[in-house]
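Colleague: Residue-level listing of the chains:
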Amino acid sequence: MTNVDPVISVRDLVVGFGAATVLDRVTLDVLRGEILGFVGGSGAGKSVLMRTVIGLLPKRGGTIEVFGKDIAALSERERRSIERRWGVLFQQGALFSSLNVQQNVEFPIRENLKHLSPRLTEEIALAKLEMVGLSADVRKKYPAELSGGMIKRAALARALALDPDIVFLDEPTSGLDPIGAAEFDELIRTLQRTLGLSVFMVTHDLDSLHEVCGRIAVLFEGRVIATGPIETMVASEHPWLKSYFRGKRRRPVRH
Amino acid sequence: MSTVSLTEVPFPSVPASGEGSEKSERVALAASGVWTAERASEIEEIVDGAVRRYQAAHSVDIDLEKLERLDTFGAWLIERLKRTFAERGATARIVNLSERDRGLIDEVQLVNRGAAPEHRPANRALTTLDSVGRATAEMGWSLVLIAQLLGALAIVLLGTLRRPSRLRLTSIVHHLDRVALRAVPIIVLSTFLIGAIIAQQGIFRFRPFGADIYVVDMVTVLVLREVGVLIVSIMVAGRSGSAYTAELGAMKMREEIDALRTMGFDPVEVLVLPRIVALVVAVPLLTFIGAMAALYGAALVCWLYGGMSPEIFLARLRGAIWLPTFEVGMIKAPLMALMIGLVACAEGFEVDGSTASLGLKTTASVVKSIFLVIVLDGFFAMFFAAIGM
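Chains as they are written, first to last, in our numbering: chain U, 1 to 255; chain A, 1001 to 1389.
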């Protein structure tokens, strides 16, 4: 971490559906250039927070600042220019099923940078696909023909298409085998370094949390109850944290 | 906004005694500004310009000292510049690379190394032949699929005849509600209007010949034999056939059909049979209701527009039709329903993983079932004429 100004800063965020309040005054920062792991029980509202920050869900209260700007107060144009600076990897990949892999990656480039030559668009798309470790024979395939791991990689390439500053990853390693998950973690870390990304990663994968996350934030009963590096989490005496990080499926901490 | 540029600078390593000719072969370029996605098209022009300008260069230094920001777009264009010079046999180097950008520059050195994407111009005659061939094979294949499903349905039906408890009554009633009961208003409305329109046209054309009364013959024979069942079939294909295809297709996409299979259920028994049974029951009912609505519409028009009292209409109606006229329509109805159901379910099972195929198959289902219903009606017309009905 070279710099400690937050790229995303969430203050007292309240989100609910009907009578239920899912997030109750959540406060959280994502710092520039860090990989923040975001954990919490199933149904705790991790994805809800992510979806609220990227504007897919309405909030009931609080503020969300991205790059120092309150996104609720932005004009449509300013919002779009901010949206161009983040990429989202959805849990199921959310690749457009009517486009092949290469067209999926080209799509945001084509739509946002209208004057780019077709040659450069294609070269950049292929470069991104190679950066995420997809071989050339995959690029003409359609999402329905891909394995889970390849879908995640292709979706990551699409999320990275415009060289975003922030990437949101919703359970990037879920559904991958341990080898694939480890490779994906490694990939995220490499890309984070080379592209200087800030990464907001919702995850359940303890290995990911140990290996790649610089900091971890824990969501419990609608609040962020702890933030800090993995060592802090493991040392915590909070009962939920204890069972999460030191439960049956824990792993030895490496030093 | 800062400018983006790639300018020639005095070559630092050229010895003071360097000759003019040598100078043109050794070029030092300094990149400055923001080399990012927003400026990518501008940068591409600059890079292409540099490639053209320094055709004769033997050695190129690309100085990145003044670079403010770099992303994959900029890094790739620098790499492309480097590669183009390298392909010409020149030596291209990057100098003054900052630590911050090193990772990215190293990364793009590895990419797009494979064979350049080829754009073979397609032979137009061949592609036309290809698509015609594929479409023909596709058509044949879809008939095979319908036959296959008919066979599977027959087997399942025989099984349920042996053990009637296997018939899913709840499911059939649910589908009957959807395809029969809820379709009544729209069927009644459209057939009523069709009957009225045929009667109005008939009166308008027949009146000069003083043949008004034969309008009743025309309307009743048309409606009971042909138009009633056709209109109902077409509406059911559009309304319920499309729904069947979309439902089964979505279930296939979400692996629900595979799940059924692994639990030991036959999708044809669980999903197809109740749907088709519901259709086979629904279409004759709707045809009957539709025919009545059409006759009602015709009688109303004859009365209000043609001045023919309902008593006369009814009297003429009795003279115009005999039982086979009505039977012909009603015999056709369940077979039309079977055809619509088979096409809809067969197309639904053909959906693969993509959302586009779901739309495609739903369209195909409606188009094919309407077409086949009309073809079937043609065969029936020949058949009934041959047996004198």
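Warning: the hint list may mix true and false statements.
[Claimed, not checked] Below, computed lysine-lysine pairings styled on DSBU-like, alpha-carbon distance capped at 35 Å:
| hint | chain 1 | residue 1 | chain 2 | residue 2 |
| --- | --- | --- | --- | --- |
| 1 | U | Lys114 | U | Lys140 |
| 2 | U | Lys140 | A | Lys1082 |
| 3 | A | Lys1082 | U | Lys69 |
| 4 | U | Lys140 | A | Lys1066 |
| 5 | U | Lys141 | A | Lys1082 |
| 6 | A | Lys1066 | U | Lys114 |
| 7 | U | Lys114 | U | Lys69 |
| 8 | A | Lys1082 | A | Lys1066 |
| 9 | U | Lys114 | U | Lys141 |
[As the list claims (entries may be wrong)] Negatives, chain A to chain U, calculated, CB over 10 Å:
| hint | residue |
| --- | --- |
| 10 | Thr1036 |
| 11 | Leu1077 |
| 12 | Thr1091 |
| 13 | Gly1103 |
| 14 | Glu1107 |
| 15 | Val1111 |
| 16 | Asp1217 |
| 17 | Leu1230 |
| 18 | Arg1239 |
| 19 | Ser1309 |
| 20 | Ser1354 |
| 21 | Ile1387 |
Don't read these hints as lab results, they were simulated from the structure.
All C-beta atoms, glycine included, are put in the ideal place defined by N, C-alpha and C.
Colleague: Look at each hint and say if it fits the structure.
Modeller: Hint-by-hint comparison with the structure:
{"no.": "1", "hint": "U:Lys114 / U:Lys140", "result": "holds, 23 Å"}
{"no.": "2", "hint": "U:Lys140 / A:Lys1082", "result": "holds, 28 Å"}
{"no.": "3", "hint": "A:Lys1082 / U:Lys69", "result": "violated, 39 Å"}
{"no.": "4", "hint": "U:Lys140 / A:Lys1066", "result": "violated, 39 Å"}
{"no.": "5", "hint": "U:Lys141 / A:Lys1082", "result": "holds, 31 Å"}
{"no.": "6", "hint": "A:Lys1066 / U:Lys114", "result": "holds, 27 Å"}
{"no.": "7", "hint": "U:Lys114 / U:Lys69", "result": "holds, 26 Å"}
{"no.": "8", "hint": "A:Lys1082 / A:Lys1066", "result": "holds, 18 Å"}
{"no.": "9", "hint": "U:Lys114 / U:Lys141", "result": "holds, 25 Å"}
{"no.": "10", "hint": "Thr1036", "result": "violated, 7 Å"}
{"no.": "11", "hint": "Leu1077", "result": "violated, 8 Å"}
{"no.": "12", "hint": "Thr1091", "result": "holds, 23 Å"}
{"no.": "13", "hint": "Gly1103", "result": "violated, 4 Å"}
{"no.": "14", "hint": "Glu1107", "result": "violated, 5 Å"}
{"no.": "15", "hint": "Val1111", "result": "violated, 4 Å"}
{"no.": "16", "hint": "Asp1217", "result": "holds, 53 Å"}
{"no.": "17", "hint": "Leu1230", "result": "holds, 34 Å"}
{"no.": "18", "hint": "Arg1239", "result": "holds, 26 Å"}
{"no.": "19", "hint": "Ser1309", "result": "holds, 60 Å"}
{"no.": "20", "hint": "Ser1354", "result": "violated, 4 Å"}
{"no.": "21", "hint": "Ile1387", "result": "holds, 50 Å"}
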